[in-house]
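Peer 1: Place chain P on chain X using the hints.
Protein chains: 2
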Amino acid sequence: MGLVVQKYGGTSVKDAERVMNVARRVTDTYQKGNNVVVVVSAQGDTTDELIEKAMEINPSPSKREMDMLLSTGEQISISLLAMAIEKLGFPVVSMTGWQAGFRTDSTYGAARIHEINADRIENELDKRRIVIVAGFQGINKYDDIVTLGRGGSDTSAVALAAVLGADVCEIYTDVDGVFTADPRFVKTAYKLDEISYDEMLELASLGANVLHNRSVELAKKYNVKLAVKSSLNNNEGTYVKEVDQVEKMIVRGVTRDNDCARIALCGVEDTPGKAFQIFSLLSKNGIGVDLIIQSIGNGTQKDISFTTTEGDLDKALEVMDGNRSVLKVQDIKWSKDVSKVSIVGAGMVNNVGVAAKMFEALYNAHININMIATSEIKISVLVDQKDAERAVVAIHDKFLV
Amino acid sequence: MGLVVQKYGGTSVKDAERVMNVARRVTDTYQKGNNVVVVVSAQGDTTDELIEKAMEINPSPSKREMDMLLSTGEQISISLLAMAIEKLGFPVVSMTGWQAGFRTDSTYGAARIHEINADRIENELDKRRIVIVAGFQGINKYDDIVTLGRGGSDTSAVALAAVLGADVCEIYTDVDGVFTADPRFVKTAYKLDEISYDEMLELASLGANVLHNRSVELAKKYNVKLAVKSSLNNNEGTYVKEVDQVEKMIVRGVTRDNDCARIALCGVEDTPGKAFQIFSLLSKNGIGVDLIIQSIGNGTQKDISFTTTEGDLDKALEVMDGNRSVLKVQDIKWSKDVSKVSIVGAGMVNNVGVAAKMFEALYNAHININMIATSEIKISVLVDQKDAERAVVAIHDKFLV
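Chains as they are written, first to last, in this note's numbering: chain X, 1 to 401; chain P, 1 to 401.
For the record, the hints were derived by calculation from the structure and aren't laboratory data.
There's no promise every hint is true.
Identical chains blur together in the list; that is why a pair holds if it fits in one copy or across any two.
As the list claims (entries may be wrong) - Simulated crosslink set (DMTMM-like; lysine to aspartate or glutamate; CA at most 25 Å straight-line):
| no. | residue 1 | residue 2 |
| --- | --- | --- |
| 1 | K63 | D15 |
| 2 | K63 | E122 |
| 3 | K63 | E124 |
| 4 | K284 | D105 |
Same shape as in the complex, but just chain X (with noise of 0.2 Å):
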């Protein structure tokens, strides 16, 4: 029929069992007369175990080392599903990173794939053999061994499926799919059957955790077609594609992230370039930022908020606190217990009227607002911890319902 690259996680192959699941799943796809790559992640907690072993000898390696010790976990998944697919008596073959031909540039933890070499995957393929291929790694210029970082194994996936020309890359996960909220707390979510890349991209970034940011770019970049699905039943998932416009639902989904975290500058003197100079400051510190508020100054003084996550959110007060005469701030306040809720829908942009419904879902909520930021196709606002899964269940119930 075609060829299909799959991708299961971590909980996916977490024991025996599960990877016996995963080689059924696997071989009924090949017994269609697919061609199958499979791409998967370190089994379940492998990857915290290890960091654990790291951190009792050295709390602060080099990234490199890391790295070295972390691509064992793909490496342990990929040959136990090997062998349970050697079980059930079909022809296989398990590939690290740079055995399947990924190189990527140098940065350890958190490498960029520059290519891939598929021959020997193609080659295994003509044999008709099913392909594993360890998900999250690669080797640099120096032939090191470097991991993708976060999402790296979604990455890994959907770049194979570029390069092999899949027909589809199947991203396989423990929910059913991509859904308009949080099942776990919106009891009215539903699952879409289909929903756009760029949509999909916000999702992803707005802590819908299914798939990562970084695949979905790759895969509206190469345009290679995503179905998440569940590695726990046969129902169809959600395909991710580009997506007719017409009539579509304005919107799509709503996400709620509790890794975030507030910096705001309090009387910040009033001079133009104060907001290039604080923000390349964190910049050049690495430090991410996402939301951005800039008080309308009076002249003299302003205030300016922002968030980061909660992981930079200690680095970010050092750098502020480092420079803080020179920035001319008189007071920086902070706070983690705040959550960035949001809504997402391609639709969005040209209803004026859906940032004041979400509002007014709020305010019937009793929900304060702390910050405000708007994008081409979705609204996001900050909000007490507290109070974030109760404002996603009403903004859902208002938008979705």
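Peer 2: Same frame as chain X, but now just chain P:
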């Protein structure tokens, strides 16, 4: 000063504390001005844990996938040791087998090293970096990861020392060196300061459990000076090298090997070529044979006995039984409850009294001898396993105290 290759086994790096201990040893050697290349095995029980993971999924996986799995054990060790050395503030780089240039034949699970392209290692040494290499592994002509089988890490270390022209190859273990007998049950046993390759070869193959045969053979071939040392103290170890034969001790050590089984073929037809027939059958089936005894035939019948490892016993019996009529054997007897006790020493061949003295020691201890075999530098006897330790003590005290 020079170039030192050090090899640390699994128990030497079994936990964080031991890894730090090894890191300190390595950096001590480095600080004395030496270039240092370190070969490490997988941590303590890692290999067993990985095998267990595999068995849960597939009790008879392909050797290729098993090698893919097991090779992660050493990759974990090298990165952890590198991190420990980083913590001590020294420049270090870890390398997998393929990164270190180990090319092997294609025998998965028991590959032999074809060549080592040491360019990268030499490059790193030129930069005064400590180089940590994963033992026990390499890649074959398909670029598949293979393991070297038993004694693989020792072999990796010796091969590297040969290729790099190292001044010494230090093999670290949990004993102080090579002893005249097993100090766990021979109270009078003592450590040897030096021993020849040939003597070490006999001791290694006779169950002294310090160095694997293969690595000693390789060291002999390329004249690599070996030092067997403890990773737990700073005692001088035992040097294995070409030893001047003048005034040497006649007997170097006494060993015991419990991993043997005896098969006796009784009432074999006494015709020429019978032994050839039997042992070529065993060889074709991959069964290793150690001691061989043939009774003097009476023209009609003779008895042929041989020993093999316990692991090969069942297969050997199967082969013998399946060819009973061809071989014309009346009865097949076997026992696992036997041990091989041997004395080793290069001077032995010229000392007619050695065998007699050994048998006297056993006679005095009331120990029955089942089989006897002699070579240029050893005499082995097969005794009941229950008598083996007493036999070693008796012989040791006769010759070496």
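Peer 1: Next, verify each hint and record whether it holds.
Peer 2: The hints, checked one at a time:
| no. | hint | in the structure |
| --- | --- | --- |
| 1 | K63 - D15 | between (28 Å within a copy, 21 Å between copies) |
| 2 | K63 - E122 | between (32 Å within a copy, 23 Å between copies) |
| 3 | K63 - E124 | between (33 Å within a copy, 18 Å between copies) |
| 4 | K284 - D105 | within (20 Å within a copy, 50 Å between copies) |
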